[in-house]
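If you're matching them up, the sequences are chains A and B in order.
So for the first sequence, our numbering puts the first residue at 1; every next one is plus one.
So for the second sequence, our numbering puts the first residue at 1; every next one is plus one.
These are computed hints drawn from the structure, not numbers from a lab.
C-beta atoms are modelled at their ideal positions from N, C-alpha and C, and glycine is treated no differently.
Please note that a few of the clues may not be correct.
Below, a list of computed lysine-lysine pairs in the DSS-like style, where the Cα atoms sit at most 27 angstroms apart [stated by the list, open to error]:
1) A:LYS169 / B:LYS52
2) A:LYS77 / B:LYS52
3) B:LYS109 / B:LYS52
4) A:LYS168 / B:LYS52
5) A:LYS77 / B:LYS81
Sample of chain B residues facing chain A (criterion: CB under 10 angstroms; computed from the structure) [claimed, not checked]:
6) SER24
7) VAL51
8) THR57
9) ILE74
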Amino acid sequence: MSRQTSRIADPKKVNSELFNLTYGSLVSQLVKDYENPEDVNKNLDRMGYNIGIRIIEDFLARTNFPRCGDMRDAADKIQQAFKMYLGLNPSIGNWSGASDEFSLTFETTPFAEFVELPDSCSNLKYANILPGVIRGACEMVQIEVQSWIQQDTLKGDNVTEIRVRFIKKLEDAMPAGED
Amino acid sequence: MSTNEKMFLGSMFYPLYAIASQISPEPHSSGIQIIEAENFKLHCLQTLTGVKFILITDPKFVGVDIVLRRVYEIYSDYVLKNPFYALEMPIRCDLFLENLKLLLEEVEKFGISYK
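The shape of chain A in the complex, shown without the other chains:
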C-alpha cells in the first residue's frame, strides 16, 4: 500500500487511507449491528479466518516457500506476509521456552492510525481481524494455532502485540506425500 501525495499512482496500489477508512467503516457497521463488542470481536476473528484460508494460497503461489519446519520458520513467514500484504514490519519476539509461542509486535495498531475507542467499546479489539487471518492461513497448511491480541495501543498499551501459540499439527489433513 502506498500513501499517495502525488496524482500519479500505480493502478494496482490502493491508497492506505482508503483502506483504513474501509476497515473502519466495516468495524463501525459491525458495532452498530451487534452492539456487544465481544460479538464484534468474534465476527472480526471469523472474517479474518475466512480471509486467511484464501490468502494463504495467494501467498504460496507468489512466494513458493517450502513447508515450515518449526514455529520459528512459521513466524518468519508470517512476518514476511505482513510486509508483503500490508507493508507492515512487526518484530518477532517473546518466545516461550518451548519455542511454540511468540509475539508479533507493532508500534501501533494496524488500520487504526486515526482511531480512538469510545467508552462503550472499551472491550473492542479493533484489529481482531488479524489474529483470525493468521489462524486461517496456518490451518490451511495443517498447523493449528491460537492467535489473539495481547496488547493494544488503542487501549493505552505501549505497543500492539499479537500472540501466536502453536497447538498441534493437523496430521489428518496433511496432503499425501508430505511427512
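Once you have looked at the hints, place chain B on chain A.
What follows is chain B alone, placed relative to chain A:
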C-alpha cells in the same frame, strides 16, 4: 470430457496420488508427479494446502512447472478472491476460465516465459 468425467478423474486421481506416495520404496516420497503415456503426459502440482493442479499435455511439451505455477497464481486470484466462490466447490468462475484460456493461448503461441 463431460463435467462428470472430470470429477471422476479428479476423484480417482486423488487416492492414486496418495497410494503412490506410500508404495514408494523410498521414505518421504511425493505422490504422482507425471504420468507418461504414448499420446499424452499428465502433470500434477500439489500445493502445501493439498490442492492439486492437473495438466494434460502433449508428450513433447516442455516447461510444465511454470505453467502449473501460473495456473496456481490465476486460481489464487480469480477463484479465491471471488467472495462468492465457496471453497472446495466446483469452480464456475468465468474470469478464471478466461484467464486460464489466455494463459494457455499464450503458452501455445510463444512458449513459456518467466513472469
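Hints, one by one, checked against the model:
1. A:LYS169 / B:LYS52: holds, 21 angstroms
2. A:LYS77 / B:LYS52: The given pair, whose Cα atoms are some 22 angstroms apart, holds under the 27 angstroms limit.
3. B:LYS109 / B:LYS52: Between B:LYS109 and B:LYS52 the Cα gap is close to 26 angstroms, so the pair holds against 27 angstroms.
4. A:LYS168 / B:LYS52: holds, 24 angstroms
5. A:LYS77 / B:LYS81: holds, 21 angstroms
6. SER24: Hint on B:SER24: holds, closest Cβ of chain A at ~9 angstroms, below 10 angstroms.
7. VAL51: Result: holds, 7 angstroms to nearest chain A Cβ.
8. THR57: violated, 20 angstroms
9. ILE74: holds, 9 angstroms
Hint check: a violation occurs at hint 8 only; the rest are consistent with the structure.
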